[in-house]
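Undergrad: With these hints in hand, go ahead and build the complete structure from the sequences.
Sequential numbering of the sequence shown, starting at 28, is according to my numbering.
Just to be clear, a hint being listed does not mean it is correct.
Said to hold, decoys possible - Subject to a maximum C-alpha distance of 20 angstroms in a straight line, what follows is the list of computed DMTMM-like cross-link-like pairs (lysine to aspartate or glutamate): (1) K78 x D192; (2) K349 x D233; (3) K369 x D312; (4) K261 x D104; (5) K78 x D233; (6) K227 x D141; (7) K211 x D104; (8) K227 x D118; (9) K369 x D269; (10) K336 x D312; (11) K349 x E291; (12) K78 x D176; (13) K214 x D312; (14) K78 x D199; (15) K227 x E355; (16) K78 x D118.
By construction, these hints were calculated from the structure, which means they are not laboratory data.
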Amino acid sequence: MGFGKLTQTVVAATLLASAVAGAAASGAEPPIPETGGGTPLSSDVQHLHFKYGPIHVAPGQNLILIGPVTIEKPAYDGYVTRFKPNLVRADGTVPPVDIIHLHHGVFLNMSRRDATTNDLPGERFFATGEEKTIFRMPPGYGYFVRGSDVWALNYMVHNQTPIADDVWITYDVDYVPASSRLGKRMKAVHPVWMDVENGKSYPVFDVHHGAGGRKGRWTFPDDASKPYGNGPPKNVWTAPRDGTLIATAGHLHPGGLWDDMYLERGNGRGRNSVHIFRSKANYYDPHGPISWDLSMTGTRPSWRVPVRKGQRLRVTTTYDTKRASWYESMGIMVAYMADGLKGPDPFRHHPSAHGTVTHGPLPENSHFGGEDTGAADPRSLPNGQTIDNRVGIEAFEYTPGGQGLPGVFGQPP
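TA: Here it is, written out as structure tokens:
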């Protein structure tokens, strides 16, 4: 199937249930286990399935790419109320995360401007990573899409094997047509992309083992030395108009513990700052925060935070430093804001900073490694010889996705 081929499927709730049951009976990959439920069932809620691909991933590939064409989207005006991402092979199975995984995918609406980084070519409205967070809007709210809008995708797929493969990025969308009875009552939300390194083409930073001291926790940018040099902070956004935050969830990398969001006014100190949400990494890996076997918490349906024009949002991210260093780390929170003010003053009545995970353990994340391979433990072997105290390397070529090329890993030249 080529890029741009329409794979949209619209089904009613009863047909969806029977399709899931049929997939289970046929041995197809089971759906991502969700917690907290999806969009309330209604005859006005359509369940759409989209694909982007095939994406050919070379051996060892680790590239940030943007699709050469636009991606599938709803063809008529309406509201996105739920967004569920995944990565699949041609047969529909999901590859294990230690084999091939979607490091990140950023969905862009090329017909709009981004709220927090104006020089981007489009509006960042949904995101995914290996944790595969499922975004849900509270009842009555949705991300408004015009049939004429154009979507694109920025993505990075890792192939950790010496064998090439083809994969598809999929996204299931709950959609309410604007012309429906429910659609006429919906309230539109705007994405507010918050990132501790917002505006960078590759927004990453390094976390070093032991940097957190005895507590073993290190927060970026608070604990970093001059994280933004002499420039302004990248983790702060000033609201240009009144609005109400209605949902958010975070993204981080292995070793990450949580992302925090604050609302500030004035000097941002004391009572002028309030902690409004913590998106926490819930690790299913029995070894702790060392892998992608996790799910992030998102806000509960009742969460509301009114934000006045001129007030600021600030985000930070915290990593565990007791176990290891974590390189090329991230800290991102995607929030959604509706126009107008609704809810109590957050500086007087603090909103709940605790949420719920969006899904349970994923089968593709359940291989933790560490098994005995039968090979000798190199730590127990005697020291070897080197050439002039250096390591001799030949037939080395540094190119993206070099595994499996002639001269690499024993391949004949």
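Undergrad: If you check each hint against the structure, which ones fail?
TA: 3, 4, 5, 8, 10, 11 and 13
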